[in-house]
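2 protein chains.
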Amino acid sequence: MTLCSSVDFIQPVLHGYFRSSCSWRVRIAFALKGMEYDQVPVNLIKDGGQQLTEDYKTLNPMQQVPAVEIDGVTLSQSLAVIQYIDETRPEPRLLPLDPKKRAQVRMISDLIASGIQPLQNLHVIQKIGAEKVQWAQYFINRGFEALEPLLKQTAGKYCVGDEISMADICLVPQVYNAERFQVNMSLYPTIQRLNQTLMKIDAFQVSHPSCQPDTPVELRA
Amino acid sequence: MTLCSSVDFIQPVLHGYFRSSCSWRVRIAFALKGMEYDQVPVNLIKDGGQQLTEDYKTLNPMQQVPAVEIDGVTLSQSLAVIQYIDETRPEPRLLPLDPKKRAQVRMISDLIASGIQPLQNLHVIQKIGAEKVQWAQYFINRGFEALEPLLKQTAGKYCVGDEISMADICLVPQVYNAERFQVNMSLYPTIQRLNQTLMKIDAFQVSHPSCQPDTPVELRA
Chain A
1 MTLCSSVDFI QPVLHGYFRS SCSWRVRIAF ALKGMEYDQV PVNLIKDGGQ
51 QLTEDYKTLN PMQQVPAVEI DGVTLSQSLA VIQYIDETRP EPRLLPLDPK
101 KRAQVRMISD LIASGIQPLQ NLHVIQKIGA EKVQWAQYFI NRGFEALEPL
151 LKQTAGKYCV GDEISMADIC LVPQVYNAER FQVNMSLYPT IQRLNQTLMK
201 IDAFQVSHPS CQPDTPVELR A
Chain B
1 MTLCSSVDFI QPVLHGYFRS SCSWRVRIAF ALKGMEYDQV PVNLIKDGGQ
51 QLTEDYKTLN PMQQVPAVEI DGVTLSQSLA VIQYIDETRP EPRLLPLDPK
101 KRAQVRMISD LIASGIQPLQ NLHVIQKIGA EKVQWAQYFI NRGFEALEPL
151 LKQTAGKYCV GDEISMADIC LVPQVYNAER FQVNMSLYPT IQRLNQTLMK
201 IDAFQVSHPS CQPDTPVELR A
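So the protein lines, in turn, are chains A and B.
Residue numbers are given in full-length UniProt numbering: position 75 of the first sequence equals residue 75, and the series is strictly consecutive.
Residue numbers are given in full-length UniProt numbering: position 89 of the second sequence equals residue 89, and the series is strictly consecutive.
Certain hints may be false.
Each pair may be met inside one copy or between any two copies, as identical chains are not told apart.
Unchecked claim - Mimicking SDA-like on lysine to any residue, the simulated pairs with C-alpha atoms at most 20 Å apart in a straight line are:
| no. | residue 1 | residue 2 |
| --- | --- | --- |
| 1 | K33 | I10 |
| 2 | K152 | T58 |
| 3 | K100 | N121 |
| 4 | K100 | F9 |
| 5 | K132 | R220 |
| 6 | K101 | D71 |
| 7 | K101 | D86 |
| 8 | K33 | D86 |
| 9 | K57 | R89 |
| 10 | K100 | K152 |
| 11 | K152 | E54 |
| 12 | K152 | E218 |
| 13 | K33 | P92 |
It should be emphasised that the hints constitute simulated quantities derived from the structure, not laboratory data.
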């Protein structure tokens, strides 16, 4: 008997930050799939930003979190990671089977992942400077004003029908960011209702920024 | 015999703008698939921006292009549209079969679609004002500095191996934007080489901003 050479049995490693919404997306996906994984904290603030080291750059050349080592490859971009997990660990599925529903899930996910989050992430608001809170509020409100009527059409119990999907994985961390920037969530009753429903689910709770290995004591739930 | 009630035989309608890189992505996908489609121009400049009308908002609540009517549904977010087309019209495929290669394609596509384009699109640079060219150059350079080493690892003839994929569909319009903002492309030899190879392909040529129905005469190739 030879030793198994497959790397598939090594537990995935998530390089992330407790408060990063993109890291949280990946943590939710792992939790929904019931996958064990290791976390290596990358502190985006300390030492001027640990994501800026040359070592980390080899894991994610954009010098952002997350980066995920899984099945012998290193991946970045949270939606690419989530869809890889979904295509290699099919149950429970994170995208519906029906192509039109899959498209709706991706449309909502991308509205958040391309249309909102990149405009209010740490690097961008640092560059904006003094006006950063107004800037972040403006782009989150703009995105939520589009998302609210879209979700009214697609939502059942969750963002698209009654199955949890990648869209829900994107929604909850974005609402968390909105609350950090004091966006008035009462303007978005559908988003708020979905967020409340989702936050009752174990996978969303255990992955929450308030209870990660790198969460500072004063921010722990 | 009853009339066929399927909407699948109605030609898709692309609501887009000749110069929008996200509209161009969808045009490339249609061209690669050999699909006929109708174009409805949405002029992002004229009348203060035709994407801002209440009518257009029902097609794309983000008030951005593109919006695509296809198979009885209306979709926005270009990567959601492209993957819908790919999942319903399988040949030639726009994502590889191998899950790790698919993840690489999505990682590169999202690096561009979430990491670069949203930060240099029209709405954002209008909000930046006087510093808009430097702002756009900064974020395109930042993205390309990450993309160049990534592509060195994944590329063959095209972005991921020797098959054209969604990553190539994202790359070429982003290079076009970079050139508009006078980014020094000689810093990125792999990106430049891939772009040159891709621009020899018919699907990338016929979909080019210089030859669309709404391209102004003075900008026509």
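Verification of the hints:
no.: 1; hint: K33 with I10; result: within (16 Å within a copy, 39 Å between copies)
no.: 2; hint: K152 with T58; result: between (42 Å within a copy, 13 Å between copies)
no.: 3; hint: K100 with N121; result: neither (30 Å within a copy, 27 Å between copies)
no.: 4; hint: K100 with F9; result: between (34 Å within a copy, 16 Å between copies)
no.: 5; hint: K132 with R220; result: neither (25 Å within a copy, 40 Å between copies)
no.: 6; hint: K101 with D71; result: between (29 Å within a copy, 13 Å between copies)
no.: 7; hint: K101 with D86; result: both (16 Å within a copy, 14 Å between copies)
no.: 8; hint: K33 with D86; result: within (8 Å within a copy, 26 Å between copies)
no.: 9; hint: K57 with R89; result: neither (28 Å within a copy, 37 Å between copies)
no.: 10; hint: K100 with K152; result: within (16 Å within a copy, 35 Å between copies)
no.: 11; hint: K152 with E54; result: between (45 Å within a copy, 17 Å between copies)
no.: 12; hint: K152 with E218; result: neither (37 Å within a copy, 43 Å between copies)
no.: 13; hint: K33 with P92; result: within (6 Å within a copy, 31 Å between copies)
In the structure shown, a violation is registered for the earlier hints numbered 3, 5, 9 and 12, in ascending order.
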